[in-house]
Amino acid sequence: MKNPGFQDLLNRMEALRLDQVIVERGQLLFRQGDPGDSLFLVKSGRLRVIHNLGLPNEQFVGEVGPGEPVGELALLWSSTRSATVVAVRFTVLARVSKATFDELTHRYPAEAMELMRIVAWRLKQSYEHPPKRSLPANVAVVPASGDVPLAAYCARLTESMPVGAGRCRVLTSSDVPPGIATIAEKAGVAAVKSRHHELARWLSEQADQSAMNILQTDAELTPWTQRCLHQADLVVILARAGSDPTPGPIEQALSQLSQPGALPRVDLVLLHDAPAPYRGTGAWLQSRKITRHYHVRLDSQEDRMRAGRLLTGTDLSLVLGGGGARGLGHIGVFRACQEVGLPIDRVVGVSLGSVIAGLIAQGLNWDEVAAAMRHSTIESGKLTQFTFPLISIDTGRRYFEQLDRLFGNTQIEDLPINYFCVSCSLSRARVLVHRTGGLAKWIGASSSVPGIAPPTVEAGELIVDGGVLNNLPIDLVRADGAGRVLAVDVSPEVDLQMDSGYSGRPGAFEIFWARFRARFGIGRATAVKYPNIISVLFRASILSSIPATEALRKHADLLIELPLGAFKFFDWVKITDIIEVGRREAMDKLPAFMSRTKESKSADTSSP
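So the sequence shown is residues 1 to 608, counted in my numbering.
Source of the hints: derived by calculation from the structure; they are not laboratory data.
Worth double-checking, as some hints may not be accurate.
With a cut-off of at most 30 Å between alpha-carbon atoms, the simulated BS3-like pairs for lysine-lysine come out as follows [to be verified]:
#1 K382 / K441
#2 K574 / K441
#3 K43 / K98
#4 K554 / K568
#5 K574 / K589
#6 K589 / K568
With the hints as extra help, turn the sequences into a complete structure.
Structure representation (structure tokens):
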């Protein structure tokens, strides 16, 4: 968010020889509630702004980087600090007291007005967009063991960066100037601290010169490796799949960076020698606090390109909502993405959207997904098996058998493309996100419409269709740090309407007789179309999530709403027509979307 006009003010402030402030990772610049007697200018490094740090309602507000002010609101309004600011890596700042700021605003009113515009723009962004972490400037790549091809991976990673991502380079211990390359073990505390500051300052300077620095650590826990961990915005653990998942000395040192609010994000990259299916990812995740993980074949350009997009915030997440057979339209959108060459880096789904997303996450092409769904919904016979309505009107047995056939014993964490699905706890009225565990099991839970199919029981909780509370989880994808979000909504805004001339309360005999006459052509066919119990139960199940979905729409980079109101909940036989609707709508919108994303990586990074 650097601004040329405000940069003039920064330069003039620099000429005043302002007090310099240095904060290490984890140190607080100021606390929420402190007096707002000064503002700070970030010269290098990065800060994180957190509201209610350490409390149950802790909230991430944003991040502040070089060339930006922090603490200006409290100074301008003569109030206390509204949030806590903590350093996420070694940061150098210039402190501007209230007296100095008052003098500057009188001498340079134009620059002061520029500052006010920045403040207003920040406030506007906070209302219109969810908080978003800045892209990492320093990425430390850590080997999980000595047999990891660390140098080869870092080199290929920089070669695989997306076009327009900016300069990216690899820094190793040999790149550090000789005067600050090592820290003498027998040196005094002051000397060691000074050398640490020199190395951190040098790394900050390198971060300012490149869009991203890949900090290639040593194979052991050396001073260079330690400094990389302290200076990293993102730590990538590089491991060979199938090797010992026990954390080594470097990772143990990383776990000690436990300062509240300042922990770097930690990703796990598992290197594979063969294509999917993959196994054993759960063992790597159990002993680590991983933000996200992804599988990479070192000789696969496609996998390396995906890793590059994830690092640079140009990745694309596909979010698929629920809607019964209407969800087959997701296949048409996926087909359009493949036809225009738009790669998918993460898939998320609810209800039937979780089924389609699970097939995509297995690495299938659109026609393979369509064939799998056609076989499961049509060629294998009816999915329904009605029963006494004690807990649901359908046993769910045939449906769950098809899920087992589609996904077997695949674990979510082993999928080659990152995936999660969403369900809902009826017991505690909360959304559940499934990132690990049995794929078939949790897709079954995510797509069990209450009243239609029996709930999944886990630890005593009744778990049902995620659409009950969140039928289009764009917010959850954004919270994961997604770069771009393409969401597909297959549930019409208005549904289950009857003839406008009809008034009353339909009874069972009335509905039965109307359908009987229509079925056998007895007399004049009635114009009234009555919805069936399946459609009513499904619509009722997602009713509460519709207002939330409306509010979340603006957080998607592209929202595709498929006009599928003419199709019914169980219209599986119309799969070809439904897919074509999805493809047609997507092809109308994707070219403009791709054009916009090429012009700008993100609207959030534009100057006010």
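Report task. Decide if the proposed pair is consistent with the structure: K574 and K441, CA atoms, cutoff 30 Å inclusive. Result -> holds, 27 Å
Query raised in the report: Holds or violated: K382 with K441, Cα cutoff 30 Å?
Result: Within the cut-off at roughly 20 Å; holds.
Query raised in the report: Holds or violated: are the alpha carbons of K554 and K568 at most 30 Å from each other?
Result: holds, 28 Å
Query - 30 Å Cα cutoff - pair K43, K98 - result: Measuring from Cα to Cα gives roughly 19 Å; hence the hint holds.
Report task. Take the C-alpha atoms of K574 and K589, compute the straight-line distance between them, and say whether it is at most 30 Å. Result -> holds, 24 Å
Query - Agreement of K589 and K568 with the hint, judged by alpha carbon distance not exceeding 30 Å - result: Roughly 25 Å separates the two Cα atoms, so the pair holds.
In this structure, none of the earlier numbered hints is contradicted; all agree with it.
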